[in-house]
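All chains should be modelled from the sequences, with the hints used to inform the complete structure.
Residue numbers (the working numbering), protein chains in the order written: chain A, 40 to 382; chain B, 45 to 465; chain C, -1 to 291.
Treat the hints as calculated values from the structure; they're not laboratory data. Among the hints, erroneous ones may be present.
[Claimed, not checked] According to the in silico footprint, chain B covers these stretches of chain A (three or more CB under 8 Å from chain B):
{"hint": "1", "stretch": "144 to 150"}
{"hint": "2", "stretch": "175 to 188"}
{"hint": "3", "stretch": "231 to 243"}
{"hint": "4", "stretch": "262 to 268"}
{"hint": "5", "stretch": "282 to 294"}
{"hint": "6", "stretch": "332 to 342"}
Remember, predicted model here, so these are calculated numbers, not experimental data. Each residue gets a CB set at the ideal place from its N, CA and C atoms; glycine is no exception.
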Amino acid sequence: MSESAEATGSPVTKESGGRAARRWRVPVHWRPLVIAALLVLACSAPFQLVPFRVFQFTMVLIYAVALLGLNLLVGHAGQISLGHGAFFAVGAYSAAIMLHAWDAPYPATLPVAAAVAFTLGLALGVPAVRLRGLYLALVTMAIAIFLGPLLKRFESVTGGPMGLTLAKPEPPAWTGLAEDQWLYFLTLAVAVVAFLVTGSLLRSRVGRALHAIRDDQAAAEVMGVRLSFYKTLSFAWSAMLAGIAGCLYTWVIGYVSPDSFGVTLSITLLAGLVVGGLGSFWGPLLGGLFVMFVPSISQSVNDAAPGVVFGLLIIAVMYVAPTGLAGLAGRAAYSIKKTLRKE
Amino acid sequence: MRVSVIGCTAMLLVSVAACGGRGGTEPGATASGPCQGQQATGITDKSLKLGGIYPLSGPASAYGDIPKGIKAYFDYVNAEKNGIGGRKVEFVVRDDGYQPPKAVEEARRLVEQEQVFALFQTLGTPSTTATWDYTNQHKVPQIFVATGASKWGTDTQHPWTIGWQPNYISEARIYAQYLKKDKPNAKVAVLYQNDDFGKDLLGGFKRAIEGSGITVVGEQSYEVTDPSVDPQMRNLAGSKADVFLNVTTPKFGSQALAADAKNTGWNPLHIINNVSSSITVLKPVGFENVQGVVSSSYYKDPRDPTWNDDAEMKLYKAKMQQYAPGADPNVPFFTYGWAVADAFNKTMSAAKCPTREGLRDSMRSLSNVQVGMLLPGVTMNTAAGDGFPIESMQLMKFKGERWELFGDVIDTRKEFGPLTG
Amino acid sequence: MAGFLQQVVEGLGAGAIYASLALALVLIYQFTGIVNFAQGELAMFSTYLAWQFTAAGLPFWLALVITLVVSFAGGMLIERVIIRPVEGAPELTVVIVTVGLFIFVNAAAGWIWSFLIKDFPNPFPEGALTAGGVSVGYSTLGILGVVGVVMGLLYLLFQHTKIGLGMRAVASNPGSARLVGIRVGWTLALGWGLAATVGAVSGVLVAPLLFLDPNLMGGVLIYAFAAATLGGFDSPVGAVVGGLIVGVAETLAGAYVGFIGSDLKIGVPLVIILVVLLLRPRGLFGRAVVERV
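Okay, structure coming up:
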């Protein structure tokens, strides 16, 4: 989960490059300890927490996987998508339809959901690479908006506006786990694999190609990077990760409906990613925490109009940390270290 | 292997948040005495904790007024009536933004963390569908959900969940019956919202007119994200129908009324469904433009002078002013909230045991229960095989500046037989 | 035939509504180079102000003038207070700030004025002009007229004034603009102020037709984006033409193409945009961006 040093260290944008280069790191001999501690923490959490919290952290991990995909596209390839809720929905519906219509075993839904989202991402990626920044953002948003009516239209398959209700995966008896714990571990396993694979992908020549495109498209092309190939591929991978998150969502929530995947979801995902930290390896996780917890925090601050607080919080985070919470954490650690050195 | 500081911080945040929620699941409290062994979570001799889930943010926020009416009622009952049977009611409202996954989270928060006795109202068919498996598995009453979908009554797998308001199919049957009498050869054009609500009502209407001379000659749907229903209204006008059935939520109801008024070449009998029948929908269109519009209702309209001397109405207006100052009691969402809270009071008071099981049994065996602010003759009835508390409505026609009720209160149960899935 | 023409007229009416907001989007993009997600919500908020003034007894036109002035000042204030601190941050940061602003303004309007609809006075007379079996509402004519005037003024501003020139310089390269003596900060603030004013005009135009509630512009914004994308984000003429095309195409497809129907008609602008952008990525009226390496 943490073999991502290079990816983390890569500059978010040209502006923030200098800052990122000065990032302070945990001393080498601590690292195995830290990783072990984190894994133990993640694995022991469901035995320490009430089921409601376990459910919340499961949702955080699901959003983190979706944001990981979005980060690949926005943070690493420099393309803006306002339609990732649509890929999330496609994954969720693929799984739901398999479970509902064919009684498929639920482990089988994950690769299928991933494949469907990947294919769709590839198909949309081909025209998408010809669009730049703003225009791509708006086209993807239009797709997210169009998906709702489309899902309602094919009622015999999708359940129409009523949606589909599904049974949740049962924990196998030998594990002795409760349903919430089992779902948490399933999600955690998928999330860890997704983070590892994405991390190693970004450290390969693919990642370097993507960063080259993001930082200077023309220069990358001159150097022989195949622009359309890498852009299309990053679009497809990104869609696939969102689709995987959608599949996990179906397992955990057990209900899909067009209302669950409105354009709000797409916008919230993008906001969550930017707030978490664009192009940063930990941004998706921080973004997942933000997407999950901040709306309910907003309501406890202002019962009458939670949106007022939520909107202000987004703006406030962007003030304090224009490169996201991940950047803020890095900066804070850096300045602490500097202070310590002085003493 | 290298780990960045950010990574540690992220995990640290997770762990801090995680430790904040530390604690095991204790089994809920149980009752003793004659109700021994039944669940008594969230209820003591002095208190009763309820949770409700509404959209307080996002596009459906208008419904966020309902819990204000409910809170005003409970504040009044707590302060002046010593609560419900000596128990002061605490009503916790959570926001789901009309998003099903959020509704699941909030339902779990209310049940597991807030330890509420029951979920009193979840709003919207999607949010309620997303949560009812959970509430029924955990045997938590989910009482009087704020949606008129027919499945709350016809379903037999979820005994802990029950609706309240007349379901959309029954409402459609009332309009069909009215047309059969008044316009037996009516050609009907329908505008409906493309979701469960619109489809339930339209489907119910089509089934009710089967075998009669009434035909549906045009139907158009709209999405809640559409800016306007004008194009749909233009298409419907081309159908030359002589009846227009307006199955919309408030803003689109106003738009459709205005479009009908603007089109002087097409003057059908305009029937607007109960959801959009409030004065707040009609007034912006201009009262002169909505004369003769037909709708149906089951609770008293605070704007109707018929009820000026009605004791329930006077109490409602006085207590709203006292406990929800600044809120306009004429807003029908407040009236709805007040009435449904009174319905809860009556149902809870009738429970034999002050337990979740007691409430479930009580809400499934209501017999002719009078509820404040409902129309005279409209009462709550449920029984085994009948999961619809209110199934009576009365037709009304708009005259001058208010609705005028006409005809008798129609008990759809008696009139059309029981509704089955 | 009359029926078809009538549908076209309805489409133009809808298109004029989209165009009015698209003009504000184009304006802010020209000045600041960002897409402002909160533009529709600011327009909605301005409309509530106008409603508040008329409800307080002011005559409509006076209320309108006050609203426009307040909106202009409000737009500049928002730029100085909310946008300024993230100036120079990555573009996406600014966009997300406008998303935050969107959520904030929408919730604030609901908090202040409730989510129930308000009746907003119509500046145009009731009734319609009928010719050859086709009737055009005076409101539609009025909106088209106002949109045309605003479009003309923006065109003049962009192409024939010094402000317009400075603004284009700032949008394309703030650093160089500052070096040649343009007050970048004030130009950006001016852009926000003007966009808010145009947005207020849009809100006041559409509120009598769509009915005023905090989600007044939510549905329109999508179509306005479509209009601006289609026309090109740097052209007021494009925004208006794009809006009209989107409106007409959507209405005709909903009315005559059975498979599309009224539920899938939102897909029509999507397809149009995609096709146009693939063939002509800068939009119908946009200038091609030439990148220097």
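Results of checking the hints against the structure:
no.	hint	result
1	144 to 150	violated (count 0)
2	175 to 188	holds (count 3)
3	231 to 243	violated (count 0)
4	262 to 268	violated (count 0)
5	282 to 294	holds (count 4)
6	332 to 342	holds (count 5)
Of the numbered hints given earlier, the model fails hints 1, 3, 4; all others are met.
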